[in-house]
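Chain residues, written in single-letter form:
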Amino acid sequence: MDSKLRSMLRDAEMKPSGRVWKGIEARLGAPSGQGRRGAWIWGISLAGAAAALAAVLVVSNTGNSNRLYISEDAVALTREPEATALPLSSLVPNELPSVEEVSGRVSAPASEVPARISEVSAPLGDGQEQVSVTDDGYGASTSADSEGAREISSTGVAGTDTGRSGESSAMRRNRHGRDRLDSTDGLDPEEAVSTRKGPLRLTAKGSVGQNIGTGYVPSRPMRAPSTYNPTQTATGIFETGSSTYGAPVTFGIGLNIPISGRISIGTGIDYSLLTRSFSGIYSEMENMSIEGNVMHKMHYVGIPLDVNFSVYRNRYINVYAFVGGEIEYCFSNTYTIRGGASDIVYREPVKGFQFSTEAGAGVEARLNNYMGLFLAPAVHYYFMGNQPKSIRTEKQFMVGVSAGLRFDLKEKR
Amino acid sequence: MQLFGQKKHLINRDNLEQILNDCKKGDRHAQKAVYDFLAPKMTALCLRYMGDRDSAEDVLQDGFVTLYSKLGSYLGEGSFEGWARKIFVNTALMSLRKNDALKQSEDVDAARDIASPEPTVLDRLSYAELTRLVASLPPGFRTVFNMYVVEGYSHREIAGELGISEVTSRSQLMRAKAMLQEKIKNL
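Each protein sequence line maps, in turn, to chains H and B.
Per numbering that gives the first Met the number 0, the first sequence starts with residue 0, numbered consecutively.
Per numbering that gives the first Met the number 0, the second sequence starts with residue 0, numbered consecutively.
Everything labelled a hint here was simulated from the structure, so no lab data went into it.
Be a bit skeptical, because a hint or two may be false.
Mimicking BS3-like on lysine-lysine, the simulated pairs with C-alpha atoms at most 30 angstroms apart in a straight line are [claimed, not checked]:
#1 K21(H) - K24(B)
#2 K31(B) - K69(B)
#3 K3(H) - K85(B)
Model the full structure from these sequences, guided by the hints.
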């Protein structure tokens with residue numbers, strides 16, 4: 000009896016899905032850990048290049064690089080309320096013009112595209128045994144002599160009687176008639192692409208943004224750092240000219256956690272840089288002030304959280320939509336004044352958090368079995384809070400585009 | 000000599016040695032030919048050990064990568080398929096150990112004499128159905144069953160491989176057969 004079982008089980012055959020060979024090919028192309036490390040370095044470099052490309056796209060869309068910046072006749076920045084260096088009224092113009100354009104940032108969602116390939120077929124040679132495979136990719140099996148060649152076909156049932164077990168062809172045909180497994184095994188490659196839960200994925204991204212909205216514009220002099228108090232006079236930095244805003248840039252790394260076949264959660268950590276420059280006066284003491292150009296830089300670290308929904312995908316591409324938000328904290332807020340003998344760096348801590356929400360769509364192209372390149376435009380809304388003056392406080396609606404790579408951390412199951 | 004083209008990957012006794020030599024040199028077509036030759040049987044083997052299709056394909060992939068890297072140690076003595084089968088069995092066992100699947104096995108103390116399924120019953124089963132039934136057994140049961148019945152390991156060898164006693168190996172086998180018989184009856 001055991002020999003009968005042994006014979007049947009040793010000769011049983013099942014057709015593997017296409018992802019197996021794709022995975023093997025990928026691993027043969029990148030043997031051992033060295034190749035993997037090389038792929039990672041290459042991937043991160045590509046992510047940076049993609050971010051740069053996105054920046055170029057944004058710039059080119061403006062038609063004029065100057066339009067990346069907005070001008071504003073704005074005034075006043077105070078820091079320490081106990082001393083008065085210059086009266087605000089002498090520095091403030093009557094009214095502010097509207098802001099034209101700015102840049103924003105975008106965050107990245109994530110999704111996955113499993114790699115699958117379809118059947119291949121090969122003709123029979125003389126004396127070779129044919130092995131048939133049913134369309135569900137799981138069904139057919141018959142004995143095959145290791146000494147003979149075989150054909151794999153996706154057309155259904157067929158079998159001849161040159162197998163090792165020496166059973167009759169009628170018996171084999173009978174088996175073939177029942178030689179299917181449940182369709183719920185999910186073995187159809189195309190179906191599996193759309194319904195199977197994907198792997199945990201790592202996202203590396205870069206993004207830039209451009210302002211298109213008509214959000215909040217201050218109608219009166221605005222203190223740049225921290226809180227706003229128009230009656231306050233203080234020692235610190237005073238804006239005396241218009242501001243130009245640099246395109247916000249964001250780099251991030253994160254995880255994409257599959258929830259179901261189509262839905263995933265993306266989170267991680269982002270770094271964002273907001274810059275602007277303006278003409279201003281720095282007054283440290285009542286009898287000391289320096290006038291010059293001021294470079295204002297704000298460094299944010301943030302945690303995004305997005306829900307991604309795959310709208311359409313196949314083995315090569317994934318089109319998805321996403322909504323989410325982000326909480327950010329400004330860990331560095333500096334003003335560099337260039338006007339004296341040497342630059343003066345003025346720092347001010349920032350309290351509170353920047354909250355934002357976003358929605359967008361993206362396209363991811365599968366590069367190989369474990370990596371995809373994505374591009375995702377999105378709309379952001381930045382909530383007003385206790386944050387220093389920046390493009391986000393001037394224009395709360397922003398559009399932007401992010402690009403990057405996603406890596407499968409675990410082989411797709 | 001052109002042994003195989005883009006769509007024609009055939010292995011037979013005459014060209015096996017040539018294809019394996021090409022395979023050792025990293026020829027992708029030769030590697031694909033070996034894959035096409037072995038994959039159907041090794042898929043069934045991996046499914047019997049792993050229990051589910053996805054895990055089986057993971058092991059299948061690992062097994063082929065190992066096989067290509069160790070082709071140099073195959074000296075042409077004995078069946079190539081038999082040599083390859085050992086690689087896949089070992090890869091499956093490594094995966095089961097890694098996932099602690101074998102520790103989830105039921106501990107059976109008292110082995111009892113179990114009648115094997117009737118041969119006539121087996122005749123009504125397809126190979127795939129039988130494979131699926133074996134795959135549905137608990138991990139410990141099916142591992143011992145596969146190693147003993149299909150691969151021909153002795154209980155001593157199984158005990159050494161799995162870190163269990165010979166008595167446990169025997170009892171797991173008995174229970175596996177009983178459970179398999181029950182599943183066949185319920186078909």
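To test your reading of the hints: which numbers does this structure violate? Hints that this structure does not satisfy do not exist here, as all of them hold.
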